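K.L.:
For reference, the chains in residue letters:
Protein chains: 2
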Amino acid sequence: MSKPTETERCIESLIAVFQKFAGNDGNRSKLSKTEFLKFMNTELAAFTKHQRDPGVLDRMMKKLDLNADGQLDFQEFLNLIGGIAVACHESFLAQK
Amino acid sequence: MSKPTETERCIESLIAVFQKFAGNDGNRSKLSKTEFLKFMNTELAAFTKHQRDPGVLDRMMKKLDLNADGQLDFQEFLNLIGGIAVACHESFLAQK
Chain A
1 MSKPTETERC IESLIAVFQK FAGNDGNRSK LSKTEFLKFM NTELAAFTKH
51 QRDPGVLDRM MKKLDLNADG QLDFQEFLNL IGGIAVACHE SFLAQK
Chain B
1 MSKPTETERC IESLIAVFQK FAGNDGNRSK LSKTEFLKFM NTELAAFTKH
51 QRDPGVLDRM MKKLDLNADG QLDFQEFLNL IGGIAVACHE SFLAQK
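Protein sequence lines, in the order shown, are assigned to chains A and B. In terms of UniProt numbering, the first sequence opens at residue 1 and continues consecutively. In terms of UniProt numbering, the second sequence opens at residue 1 and continues consecutively.
Extracted from the complex, chain A is given alone in its bound form (with noise of 0.2 Å):
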């Protein structure tokens, strides 16, 4: 195997990442409200820190959770990872 290319560990990280979450507890295949409460406070403690709403995270988990089955899984985990990256990216762009 040749080294991946920085495209491919991306998207090895991401799905090590969403696997790492969802084994926690119940189905491995998706994240439970704790999961997702727990990845965000691990993985994306810099957002979730500046947060004083505490509502913000539910109001979050409600709105990924596309098909409201009450858990988060890997395509809706992409919507979140996708949506911060446009914000990220689109900020960049106006601060040019």
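Since the hints were derived computationally from the structure, they do not count as laboratory data. Keep in mind that this is a model prediction, so the values were computed, not measured. Incorrect hints may appear among the rest.
Repeated chains share a single entry, so a pair holds when one copy, or any two copies, can fit it.
Stated by the list, open to error - With a straight-line Cα cutoff of 27 Å, these simulated BS3-like cross-link-like pairs (lysine-lysine) come out:
| hint | residue 1 | residue 2 |
| --- | --- | --- |
| 1 | Lys3 | Lys49 |
| 2 | Lys30 | Lys49 |
| 3 | Lys38 | Lys3 |
| 4 | Lys20 | Lys3 |
| 5 | Lys62 | Lys49 |
| 6 | Lys63 | Lys38 |
| 7 | Lys20 | Lys49 |
| 8 | Lys38 | Lys49 |
| 9 | Lys63 | Lys20 |
| 10 | Lys38 | Lys20 |
Following the hints, complete the assembly by docking chain B onto the known chain A.
P.N.:
What follows is chain B alone, placed relative to chain A:
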């Protein structure tokens, strides 16, 4: 600044890779067809080199280009990455 988490690193990498390829010609916040092909043949060469049908990248570009402006913006690019990640994740779950 503390060390970025794996998720933060991925978000930064995806933005950096997009900007690197989108910056080659014309609009620096969009991937032209040429830039898309360059990206696919460089960053996702492991995928493209197994495609025997030369029309597959043309069809991917058309499918990803939701607003049909002949270019891919960052959200459209993320849909590509997400699609590949979901396919990899499902193939991983199926192997278990």
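K.L.:
Decide, hint by hint, whether the structure agrees.
P.N.:
Here is what the structure says about each hint:
1. Lys3 to Lys49: between (36 Å within a copy, 16 Å between copies)
2. Lys30 to Lys49: Close inside one copy (24 Å), not across copies (32 Å); limit 27 Å.
3. Lys38 to Lys3: Between copies only: 18 Å across chains, 31 Å inside a chain, cut-off 27 Å.
4. Lys20 to Lys3: For Lys20 and Lys3, both the intra-copy (23 Å) and inter-copy (19 Å) Cα distances are at most 27 Å.
5. Lys62 to Lys49: Within one copy only: 20 Å inside a chain, 40 Å across chains, cut-off 27 Å.
6. Lys63 to Lys38: within (18 Å within a copy, 35 Å between copies)
7. Lys20 to Lys49: Intra 22 Å, inter 31 Å, cutoff 27 Å: intra-copy only.
8. Lys38 to Lys49: within (13 Å within a copy, 39 Å between copies)
9. Lys63 to Lys20: Answer is within; shortest intra-copy Cα gap is 22 Å, inter-copy 32 Å.
10. Lys38 to Lys20: Intra 11 Å, inter 33 Å, cutoff 27 Å: intra-copy only.
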